[in-house]
Every structure is written in structure tokens, then in C-alpha cells.
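Asker: Protein chains in written order, with my numbering: chain A, 1 to 165; chain B, 1 to 165; chain C, 1 to 165; chain D, 1 to 165.
Treat the hints as calculated values from the structure; they're not laboratory data. Quick caveat: nothing in here was measured; it's all calculated off a predicted structure.
Remember, identical chains collapse to one label, so a pair may be satisfied in a single copy or spanning two.
Below, computed lysine to any residue pairings styled on SDA-like, alpha-carbon distance capped at 20 Å:
#1 158 with 65
#2 158 with 66
#3 158 with 148
There are 4 protein chains.
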Amino acid sequence: VIGVMGPGEGAVADACRLARRLGALIAREGWAVLCGGVAAGVMEAVCQGAREQGGLTIGVLPGAEGSEASAALDVAIRTGMGSGRNNINVLSSDVVVACGMSAGTASEVALAIKARRPVILLGADERAAAFFRDLGGDRVRVTADPEDAVRAARDFLKSRRPADP
Amino acid sequence: VIGVMGPGEGAVADACRLARRLGALIAREGWAVLCGGVAAGVMEAVCQGAREQGGLTIGVLPGAEGSEASAALDVAIRTGMGSGRNNINVLSSDVVVACGMSAGTASEVALAIKARRPVILLGADERAAAFFRDLGGDRVRVTADPEDAVRAARDFLKSRRPADP
Amino acid sequence: VIGVMGPGEGAVADACRLARRLGALIAREGWAVLCGGVAAGVMEAVCQGAREQGGLTIGVLPGAEGSEASAALDVAIRTGMGSGRNNINVLSSDVVVACGMSAGTASEVALAIKARRPVILLGADERAAAFFRDLGGDRVRVTADPEDAVRAARDFLKSRRPADP
Amino acid sequence: VIGVMGPGEGAVADACRLARRLGALIAREGWAVLCGGVAAGVMEAVCQGAREQGGLTIGVLPGAEGSEASAALDVAIRTGMGSGRNNINVLSSDVVVACGMSAGTASEVALAIKARRPVILLGADERAAAFFRDLGGDRVRVTADPEDAVRAARDFLKSRRPADP
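Okay, chain A solo, but in the shape it has when bound (with noise of 0.2 Å):
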């Protein structure tokens, strides 16, 4: 499961493509996409790209009863806990792609790095990746492609194996 997190409303239209085709991507790669589910920006286009390419698309929502749901969601976990849901995201994600920036973003990245998720910052800003570089050292990488994202997130999957049970 791929975490995919990224502004709604705010987002700029460079983020949405770049998060379209990297959920494409992720879909071919046989992994689903997670993300906050709502019906805008990074996640709608996340959820949309995945969705066009047959992949399995988990929202965790804000809200209690899911009106806020892209429908490009297979499944909608409703949560009703606003902003609290953050953190589920990122517990539930096994690398986390932060694509745009934002607080709620940047909240996830920073719940990401203390729940020693590794995380990969496409297209951030110098600024952004300084900041979180300090905070989470090598497990937070930074690209400007949704390929090197991907290639990045298979790097920390196979890592990963040989310390899995």
C-alpha cells in the first residue's frame, strides 16, 4: 500500500498531474494507492490515475458520512475525525508520497517520519526538503518524477523484506 498524500482544494495544477500519473504507475506496479479520499486536487487526480490503470484506490475520509468521497474510490473508510485522520493515513501506508505541499500534507509528512515511514517528496521545494531531510534523514528522499518516485518506493520495499518475519 502506497500513501499517497497531498493538498485538495489548494492544489496547484502541477501537482495533480504529477499525482495523476503517479497513481497510474503505482497501479501497474500491482500496489493500491491510499490517500485522504476527498474529491479534490492531489486525491481525486491520485485515485483517478490509479483507478484508469484497473488498481485498487483506499480513501480514509474527514468525514462521518463520505459526501466528500472521489468516485474513484474502491474503498471509503469514514472516519469523522477531521484532520485526526492524518495519522491513520500514514500508519496504514507502507512508503508515503507526499506530492504538493500543504499544512494537512505537511502534517502527514512530519506523522510519517515519527512513525518511521519512509517517505518520498515529489516535486517539493528546496525549502520543504531541507525541512524534512533534518527531520527524518535517509528515510524521507526527494524527486521530480512520479518514475523516480516509484523506483524510490521499490528501493524501501526491498529493503524492508529482509527484516519482515
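Starting from the known structure of chain A, fit chains B, C and D onto it as the hints suggest.
Answerer: Then chains B, C and D, alone, in the frame of chain A:
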């Protein structure tokens, strides 16, 4: 998505037998099963039953790392919230079936009634049935076998349709 | 810290009267009152009762901004989790008293039993009492008036002492 | 209620010294201190500082049983949610002060910006300050000493007044 709630470690053999059969029937309807995800008792049994019929199984786990997860889960949500995740289970379900009874299961039935989710009590004793009918009125049904439970779930889902946009 | 759980909007006058008296008695013991914090029903009444006797009142609120809070709270915890906060209420209490009954209150009693907190049912009908005694055994006591509830709480707190480090 | 967020185990001596002084100053203003409640690092220091000046200290704990709690807490909220409780910390604060930096602290600053709580960074390095100013604009202030932080908090609280009913 049909949520099946029931005891883990403390489950009696009868509840597990009902849960396994219920999981199989839910999968045959083409519905997904959502449960607490732990590799024990009713949660394990319902996932195995659904899995054998090719159904999708979703577990909302109490732990942060997922070591307690059933091997029959397709999607594992790691909440790190202990019993705090019980409310997520019921919010994420369109119908809640309680199979067997325990303190955790009782909390999920009560939270389901609070969140206005329809509830089906499968194999509940008269005392539990009476208590929850007092609380939930006609959104609570009591059935003795899994076939009846699936029929009741179908009724609830059908009656909901016209109200949906 | 004594957690007092009970209905908000739907509370009957009798439960509110008991809650107000209970709040006053808890404050006189020098204990803090913890509740769901909403300005309605049992939650409002127990805070007012405690406040009048100079007791500390703590509310664990469902909302994120606190607009639903009772004016009689000294400490307001804003969770933004809706009924997901019910588990926090019981975990944060050393003894849980349920005053009146509703779906939300029933979930808190069940979660308290699950978390091995002692429970006192104040003014519960025979059906509810029987159901929860089945689940919780001798960690569940049933009392008819607030004076007895406080006595039962004192017993529970005393019996806990030797087990603590 | 002033929320003071900062590292636990990994806190540097300098951050703890600042936190202790900050706690004392907050208490002298008559405000309550809210923090993560753990008996380590900044959380312990700010509670001790506040306690010495007779201030009220509130801890929102990660664990379910409270064994990790600082002895200087007046009110201990046991969430059983691990880092999931970070969002509760910021929602329950009227102003959030970050003292020192770590992954957990960064998540709280980001969640505070998301929830539109004013944020004061005390003793942050230039990199962290720049990153969070990008995200939060003028709701984020950077100060070098506790006296300035309290002054900034007073400003934020004052500017909020007229907007409240």
C-alpha cells in the same frame, strides 16, 4: 460495505461458525466485508468466509503496525487507536451486523445506533436484543441465522436507495 | 477523576436532576468531574452541580471548535472526533458513572467495561442493568441514588489503591 | 489555554530550559498550559515551570493508561491514540507555541496551521521558520525568547476578541 462486528479472542465457537457462513454469503452478494481485522474469533472467521468466496475483506485494526491482522484481509487500515477505532468501523459500514456479543461488540452496536446505521443482531440472546431494540427502535433487527441476516441487510440497503441522490 | 456519562439533548428531567446532585457530591469529595462537555442534558447538569460546589469540571467535546461546550466547564478538550471521543472519555476516567441511558451512553459503558474501568449505573432500568452486568461482572454496580453512586465510587477507588505502585 | 508543543525524549537542554521559563510565564498570565503530557523533555519542563507558579497544567497523553504522564499534570487526558492525539492538542489550544523541533512537533505545527490556530515558534532555526511561514503566513510568528512568545500570544488572544460573539 457490510460491517461485521464480533468478539476476537473471547468468541465462542458458535459465533465463529455463524460468522464464517455470514462472510461467505456477503461475498456471494458482491458486497465487501468490513471488520475489526484482528486474527481471532469472529473477525478472523468472517474474513475467511468472505475470502473463500472471493469477496473483498477490509479490516480496521486497533494497532499501529498491523501485527495483529488477519491473513485473510485484502485491505488493512492501521489506526493505532485501540478501541477508539470502533467508531470508524461503524461509520464506514452501510449496515452493521453484530455476531456474538462482548463489551467491544456492544460498543459498536451502540455507536452504530448513534450514527443511525442499520443494525442486525445475529444470534443475540433475548437480553441483548431487548436492550438494543429499546435504544434503536426499528433500525435494529434480530435474526437467528446468516441467511436471514443477509436478507435483512438487503432490505436495509434497498430502503435506503430512494433517499440517496 | 470521575467520568459521568449520560444523554445530552434527549435526557429526561429525572436523569438531569440526578446528574446535578451527583456533580455536587463528587465535587464535595474533592474529585474532578469529566464528561462529554456538551451544553445539554446530563452533561450540562453534572457540570453545573460540580461547579456550584467549587469542583473542577473537564469536558471532552465532540467538535473541533467548542461552540457546543457547556459554560460550566473549567477545561474543554476539543477533539473534532464526534462519537469517536467516547473512548477518550472512559480512558480518562478512574470510575465511570452512567446517569440515564442513550446510544451514546451505552457505547461509553461498553467501552469502559472493555477498558476495565469500574462502572456505576445510576438510575438504570432493569434491562440495561442486566445486560451490562452480563458483560462486566462485578466491575459493574447498579445504584438508585447519587449518594450510593459516590459510595460505590469510593469503594472502587479504595480497592484500586493497593494494586497501584 | 496555551498549547506548548515540543519534543519529549529527544529534546535538547536548551529547548527544555526555554520551556520551563515559558511555562512559568504562561502561569503568571493566568493562562492554562496544555501539552502532550509525557514525563520527558519539553512537555515535562513546561508543566514544571507552570506548576511552580501555580498554573493549571493539562496533558493530552498518547497512551490509554497514563503511565507515561508527567507528575506535574493537573488534568491528564488519556487518549490511547498515540500520535493521533496531536490533532486534539492543537484543537484544544487557543494559541500553539512550538518549543524545539521534532517530527511530532512539526506535525502539531502543521495541524495547527490547518486548524487556523495561531502559532508561535520559539527558538526555531531559520529553515523551520521559513518552511512554516510559507504554510501559515502571518498566523505564524517566530520568537527567540519566552518573554516575546508570551507577548505574541497576548497579541493573538487580543486580536481574536472582537471576532468572538
